[in-house]
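Take these sequences, add in the hints, and give me the full structure.
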Amino acid sequence: MKYIPKPSATIEQYSITLFHNVPNITFDLNNQAEDGDRRPWYTFALVNLPLHSLSVDATVNWHWFDGDDVKLIIDGQIEENFENKRWKDWFWHATVGQVFSGQKREQQSFTKNLQKGINYIELWADRMPILHSVTLNLGDFTPNRIPSVDDPEWTGDFGDDTDQIILARALFGEARNTLVPDEARIAIGWVIRNRVEDSRWPDKYYQVITTPEHVSSFNEGDENRPYVEDPLQTHKDIDQEAWIHTCDIAGKIINSKLSDPTKGANHYYDDSINTPGWARNEKPIFKITYINASQTESTIYFYRL
Amino acid sequence: MRKKHFLVACFIAVLAGFIAVNLLLSQSPYIEALSDDTIDVSDINISDYLFIFKGEQNTVFFRKNTIEKQVVYDNKPLTSIALSPSQMQVGFFYHPNDATTEEASLVIYNLYENTFQKIYHTTFASWDIRGALYWLDDAHVFFKRHCGTSCHGLTLLNIKSKSTTHAVLSFPPLPDMQEKTHFKDWFGNEYEMEGLVDDVRSVTENGLHYMVFMLKNYEGNSVGQKRFLFTGDALEDVSISP
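Chains as they are written, first to last, in the numbering used here: chain A, 1 to 305; chain F, 1001 to 1242.
To be clear, the hints were calculated from the coordinates, so they are not data collected in a lab.
A portion of the hints provided could be inaccurate.
[Stated by the list, open to error] The list that follows gives simulated cross-link-like pairs (lysine-lysine, BS3-like), each with its CA atoms no further than 25 Å apart:
| hint | chain 1 | residue 1 | chain 2 | residue 2 |
| --- | --- | --- | --- | --- |
| 1 | F | LYS1069 | F | LYS1054 |
| 2 | F | LYS1180 | F | LYS1226 |
| 3 | F | LYS1216 | F | LYS1226 |
| 4 | F | LYS1216 | A | LYS236 |
| 5 | F | LYS1054 | F | LYS1180 |
| 6 | F | LYS1180 | A | LYS283 |
| 7 | F | LYS1064 | F | LYS1054 |
| 8 | F | LYS1118 | F | LYS1180 |
| 9 | F | LYS1064 | F | LYS1118 |
| 10 | A | LYS236 | F | LYS1054 |
| 11 | F | LYS1069 | A | LYS236 |
| 12 | F | LYS1076 | F | LYS1064 |
[To be verified] These stretches of chain A come out as covered by chain F in the derived footprint (C-beta under 8 Å, 3 or more residues):
| hint | segment |
| --- | --- |
| 13 | 69 to 80 |
| 14 | 107 to 120 |
| 15 | 260 to 270 |
| 16 | 288 to 300 |
The beta carbon of each residue, even a glycine, is placed where N, CA and C say it ideally should be.
And the structure:
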C-alpha cells in the first residue's frame, strides 16, 4: 500500500487490524462527520476480494434549514434511493419533519455479488450524519494462505504472495546458485523493482514477474518452475539456506535498504550465450563478472531500455 | 553338557537373528523406498520406452498397466529422458549429488552395448539446464538454458565431441510489443518468428530431423509452429508460410 502526498500531505496515523471472522467483516465506527457540504467521507477498498453484500447503519438529523445526507457509491455506481426523486443520489437523507421527530437511524443492506478483484465502497456525507457501522459480507470466499519465508509453497496464485515473497521467488529461481555473487542477486532484484516503478510495466511485483517470457523461471515447463512454486521442495539444506538469504535480499530491495547498483536497469542477460536481439543495439549500463561453473569468467550485462 | 551346548546354540542363533534384523533395519529408508517404487533406467525394455513420461517437479516415471515407478539411475531420480531417433541410445539427466540439485549430469545409455557414458556435467544446473532433453539426430541433443530477461538460451551438445554451442531466443523486451520471437541459431543465422516461442521440440520424419518451435500469443493461445530441418551443421527453415 502506498500513500502519495500531493503536494505535502502528512499521514498522521494508520492502523492495521486482522479480521478473524471472514466472510463477515464489521467496522464499528460510530463516527459523526464534521459539518460540511457534500464530500467524500469513508472509502473501503477491497483488494483481491469479492463482495456478496454489505449493510450500512447510519443516522441523519435535520439542522434548521438543511439536513444530513449519506450517499453510497459502489465501484463508481451510486446506490439510488427510488423512494424519493429529490434525494435519489442520497440513500440516507433527513427531512424537515425531523425537526419534530428527531434523528433517524437506518440500517440498509445491499446485495451486489461482485467478483474477486479491486472493489471500492465509498460513503459521502452532507452536513453531519453519524456512521455507526459497515458490514461487508464476502460470501463463499475463503482467504488463501499467505506464503511466508518459513512456509513458501505457493497457493496456486502468485497474486497471494507478498511483494517480498514473490521477489524472493524470482531471485531464487533466477540466481540461487552460490556461484552467483550477491551483487548480481541484488542487481537482478533491482531490475524487477525498476520495472514495477516504470509505467510501461504493471505496478505490482507479481504482475511484472509473471509477465509471459519476462522472468523465465516462472514459465510453465521451465526446470526452475518447481523451485519458484515451492523453494523448499527439495528439503535440502543448501536450498533452505539460499531461500532464507534470498528473502533477506528481497526484503531489503523493497524497503530500499539496499541501493540500486544498476542505476535504473530493467533488463539483463548472461554472456555465456549470444547477445539477445533486444540488447544488440543497446549499451549496458552496468555489468558484473563472476567465475562460472567452468571456472571461467562470465559477465552479466544490465540494460535500461 | 548336551543341554549346555543346546543353550549356547540357541544363544548364537538368537544373536545372529538379532544382528540380521538390525542390519536390515539400518538400511536408509530412502533406499528402501527407492527399491520399491523405482525402476532403473537399464531395466526398461526398448519397446516399453513409450510408457515413460515426465512427472511433476522434474521427475520421470514409467507407467505400464497398473505399475508406476519412478525412473532412476544409480539410485538417483532422473529429471529428463529421451530416446534417440535410431532408438539405439537413451539420453537422460540426473542429479548425482544428493546434497544439491545444482549438480547435474547427462548420461548416454547405449541400449545395444549396455554401456553408460557421462558426456556432460555441471555444478550450475539452475542456469545450464532449463528444459527437457531432445535429440536432433543420433549425434546431437539440445536443451534450454538460462539467458536473462526476455530471452532463452538453447544448448546444442555434440555427444561425440562433448562440445556445446549456444543459441538464443529473444522475446519482446517491453509489455504490449508485437508478439515476435527472434532466434539466433547455433550456426550464426538469424530468424524472426510471428508469436512467442512457448516450447521447443524435435521430431524425426522420414529419416529427417526437425527442430519445432511451438508459438503462442500473449493470451497463451497457439498461433502455429515453425520448423527447421537439422542437417548436422545447419538449420534450414522449412516452415510453410500461411
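Here is what the structure says about each hint:
no. : hint                  : result
1   : LYS1069/F / LYS1054/F : holds (12 Å)
2   : LYS1180/F / LYS1226/F : holds (12 Å)
3   : LYS1216/F / LYS1226/F : holds (11 Å)
4   : LYS1216/F / LYS236/A  : violated (36 Å)
5   : LYS1054/F / LYS1180/F : violated (29 Å)
6   : LYS1180/F / LYS283/A  : holds (22 Å)
7   : LYS1064/F / LYS1054/F : holds (14 Å)
8   : LYS1118/F / LYS1180/F : violated (37 Å)
9   : LYS1064/F / LYS1118/F : violated (28 Å)
10  : LYS236/A / LYS1054/F  : holds (22 Å)
11  : LYS1069/F / LYS236/A  : holds (23 Å)
12  : LYS1076/F / LYS1064/F : holds (21 Å)
13  : 69 to 80              : violated (count 0)
14  : 107 to 120            : violated (count 0)
15  : 260 to 270            : holds (count 5)
16  : 288 to 300            : holds (count 3)
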